[in-house]
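Chains as they are written, first to last, in my numbering: chain A, 1 to 193; chain B, 194 to 391; chain C, 392 to 857.
Derived from the structure by calculation, the hints contain no laboratory data. Please note that a few of the clues may not be correct.
Claimed, not checked - Residues from chain A shown here face chain B by an in silico Cβ test under 10 Å; the list is partial:
1) 15
2) 18
3) 45
4) 87
5) 105
6) 108
7) 109
8) 122
9) 124
10) 135
11) 136
12) 140
13) 142
14) 147
15) 190
16) 192
Predicted, not measured: the structure shown is a model, and the values here were computed from it. Idealized CB from N, CA, C, for every residue including glycine.
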Amino acid sequence: MATEISVDYPQALPGDFAIWIFIFAELVVFAALFAAYAFARSAHLEMFDAAQATLDRAYGYANTLVLVTSSYFVARATQSIKAGRATRCGHWLAGALGLGGVFLALKLAEFQQDLAHGISLSTNLFYMFYLSLTFFHFMHVVMGMAILAVVAYKAYAGRYGAADHAGVETGASYWHMVDLVWIILFTLVYVVH
Amino acid sequence: MRLQAITAKPVKQYKSYCFTGQTDPNIFRRLILIKDVKKYFAYNFNRRPISTSKEPNMQQVFTKAMARNIFLGGSVFFLAIYLALTYDTWQQIPLRDHADKMTPAVLSGKYLFDTNNCVGCHTLNGEGAYFAPELGNVYKRRGPEFIKAWIQSQPTGVPGRRQMPNFHFDQKELNDLVAYMEWLSHIDTNNWPPNIQG
Amino acid sequence: MKFQSQKVAIPYFVGALALFLGQIVFGLIAGLQYLNGSFLFPELPFDIAHMSHTNLLIVWLLMAYMGAAYFIVPEEAQTELYSPRLALVTFWIFLTAGALTILSYLFVPYAHLAAITGNAALPTMGRGYLEQPLPIKVGIVLVALSLLFNVTMTLIKGRKTSINLILVGSLWGLALLFLPAFYFPQDTVKASFGWWWIVHGWVEGDWELILGALLGFILIKMTGVDREIVEKWLYIIVAMTLISGIIGIGHHYYYTGAPAYWIWLGTIFSAFEPIPFILLIAFSFKMLLARRREHPNKAAMLWALGTPLMAFLGAGLWGFMITLAPAQYYMHGTNFTAAHGHLAFFGAYAMVALAIISYAMPLLRGRIANSAAAQRWEMTGFWIMVLSMIGIALALTGAGLVTVLLQRAADDPMSFMQVQDKARVFFWLREFAGLAFFIGLLVYLRSFFIAGEYGYAGEMKQALAA
Chain A
1 MATEISVDYP QALPGDFAIW IFIFAELVVF AALFAAYAFA RSAHLEMFDA
51 AQATLDRAYG YANTLVLVTS SYFVARATQS IKAGRATRCG HWLAGALGLG
101 GVFLALKLAE FQQDLAHGIS LSTNLFYMFY LSLTFFHFMH VVMGMAILAV
151 VAYKAYAGRY GAADHAGVET GASYWHMVDL VWIILFTLVY VVH
Chain B
194 MRLQAITAKP VKQYKSYCFT GQTDPNIFRR LILIKDVKKY FAYNFNRRPI
244 STSKEPNMQQ VFTKAMARNI FLGGSVFFLA IYLALTYDTW QQIPLRDHAD
294 KMTPAVLSGK YLFDTNNCVG CHTLNGEGAY FAPELGNVYK RRGPEFIKAW
344 IQSQPTGVPG RRQMPNFHFD QKELNDLVAY MEWLSHIDTN NWPPNIQG
Chain C
392 MKFQSQKVAI PYFVGALALF LGQIVFGLIA GLQYLNGSFL FPELPFDIAH
442 MSHTNLLIVW LLMAYMGAAY FIVPEEAQTE LYSPRLALVT FWIFLTAGAL
492 TILSYLFVPY AHLAAITGNA ALPTMGRGYL EQPLPIKVGI VLVALSLLFN
542 VTMTLIKGRK TSINLILVGS LWGLALLFLP AFYFPQDTVK ASFGWWWIVH
592 GWVEGDWELI LGALLGFILI KMTGVDREIV EKWLYIIVAM TLISGIIGIG
642 HHYYYTGAPA YWIWLGTIFS AFEPIPFILL IAFSFKMLLA RRREHPNKAA
692 MLWALGTPLM AFLGAGLWGF MITLAPAQYY MHGTNFTAAH GHLAFFGAYA
742 MVALAIISYA MPLLRGRIAN SAAAQRWEMT GFWIMVLSMI GIALALTGAG
792 LVTVLLQRAA DDPMSFMQVQ DKARVFFWLR EFAGLAFFIG LLVYLRSFFI
842 AGEYGYAGEM KQALAA
């Protein structure tokens, strides 16, 4: 049985290995979505550029800042728990959750604005991609927040410690993935033209 | 970075190659990572979630509970996305198929279409059986009079030819069926079928 | 077999195999009608043969899965079935209803059947796979409720293994996904959109969970591999199934009137649908290599390993061929779909049913495995059926290709019937392959009538001598 493999693996992936399979699957899906976006854009360059210019980039920049900061908070949370400070870990996670909430609020306001302008999935190909990519990512933020909320609750409840922090690392890994995807998405959909 | 994690050799040794500028004797083995990845995967996958102090990284485990959570969480997640998309689709469909033009005649034609199992042989927008021609665009292909005459003249009785039963429709029923087929022919199907032959 | 109540699976398995035989007979008739349109007309028009073929498929698969549930759930839960009597009564109701449905198709004109069963009050008839009259649909729900009650009560009072949770959970999903059968909107596009909740939800979602649970159970039992590892694999496989498959439903929405964004979403997500099948292959062969014992039921092992391979071929490969929107633009509604349907239904769902029957039936008959002679018959049947089903799929692929080249993508497209004439050679090939399949099925069924059980002493002596 492979169980007996006794090779020394110095720096293993943090957290539960299962989450890395999931993260990998998610990244592959996002990669396919981004590739499809690039493919569609190459066929309708002018239309994409014109439609892209109508996006409100201020929302995008603000959200990037918010998510990157939240990632920092999550990183501090894992540091705290490794030092055995569970309550502080919970505080950092709560902060990250708050920032996630800010992201959702800003994104909802942006969706509201789009809706007011009569933009929908069927408006044109650019808005189809813009809306489905950002909505898909929006749902990932919701999911990431749900995970962080569970982790934060457990941290406050004292279920993690310096020796047992796999759960915090698992949640943090997922949250960083959500952040990473946003940075690519923001660059691709809002900025590059 | 990850190279270090999945190679079997200790990091220190690998680093020393990098810093001293020496050639790594195993460089090809390191580049072709498949073997290492497999080993790494097996290492993580086959371990039971029992950590002992002997384990160098006790959090490096693949737990069944986490796999189950991913299954449940992932399903709920994608189901939610599907429901949101379905909501949007539900708003769009009546615009794309001109639902406002579904007159009583169209609906009566549809009922006849269903209760005589037309899709048991034909396709409707590509769905059904592949024994007989496409009906989504038959109105455009054949026109109303041909369709009515065709339905009434069945079965042809030509030996060996595929046979369609006679359904004994009266004139009103024939007109309703044709009304339904006309309505079908105006559905926006993203330019399918590729040509009038269906 | 550890519990007496597992025996209730026997009638389910026998009934399933009998209906399977019926399904193939109707398939042969329908296939012949492609070549000679006046064959059995007007006594048995094509649509009746066709829907008997597809409905029998669904009924025998469901019957086999129910039998599998009655066999597996008590064993996994380590307790007797909650009510074996209820399971037995349910079997007879289900069999009677199934037989009645087919007989009503054969002897009552469809429109008349609709009129006398109250279809006007709540229209449900006239959709593929869901042709059953309203009372039969209600009966299906009642049978499902009885099954769910029985297995859930068993699960509650017993051990809750992951295999059992996935199996019982997916049976609940199966029943819930059938409910849209009662919702038939007047808007044809909406009706088609909702029809896929059932059809896609079953065959590209829920049934893959059942498949995984059955295969996982068989592999645990036959290889003796650590349950923990099997169940981890299983969760990852079913997770991938639903992650790719839920939005992957979009590949049914390209050209049926749904909005254009499904073309992109369906293409992207359904492109990942082969992944769970690849994982399933990796999983089963890994378990085989890690086996801790040599199980004497070689035939069951052959079915269990053949299932993921054929499922990948039919659902993964053939499915992928038609799933991307640009390809489907030409292939939609042609025999490409029929080829995929045949290979996927058999390779994934029929074969896993035959695998659990192959594993469970000897145990239910009081032996660990059938005699070597019986197993040889069974394995011969396996190979004939598998190879001839590949033959059917290849022949239908050929017929689909003729349609694409002459009708769909041609500069001067021919009419449907002209193209069908050009494809005759492929319909002949399909019919011959179908006949071979029928023979394979008879060979397989013959194996059940060979007496005797696996003799350790005898087989061992033989092995040593060789």
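Hint by hint, here is what the structure shows:
1. 15: 7 Å, holds
2. 18: 4 Å, holds
3. 45: 22 Å, violated
4. 87: Violated, because the Cβ-Cβ distance from residue 87(A) to chain B comes to roughly 20 Å (cut-off 10 Å).
5. 105: The hint is violated - residue 105(A) has no Cβ within 10 Å of chain B, the shortest such distance being about 18 Å.
6. 108: For residue 108(A), the interface hint is violated, since the closest Cβ of chain B sits about 14 Å away, which is over 10 Å.
7. 109: 18 Å, violated
8. 122: Since chain B brings a Cβ to about 6 Å from residue 122(A), closer than 10 Å, the hint holds.
9. 124: 14 Å, violated
10. 135: 7 Å, holds
11. 136: Since chain B brings a Cβ to about 7 Å from residue 136(A), closer than 10 Å, the hint holds.
12. 140: Holds, because the Cβ-Cβ distance from residue 140(A) to chain B comes to roughly 8 Å (cut-off 10 Å).
13. 142: 8 Å, holds
14. 147: With a closest approach of 8 Å, the residue 147(A) hint holds.
15. 190: Nearest chain B Cβ about 22 Å off; hint violated.
16. 192: Since chain B brings no Cβ nearer than about 25 Å to residue 192(A), farther than 10 Å, the hint is violated.
The structure fails to meet hints 3, 4, 5, 6, 7, 9, 15 and 16 from the earlier list, while all remaining hints are met.
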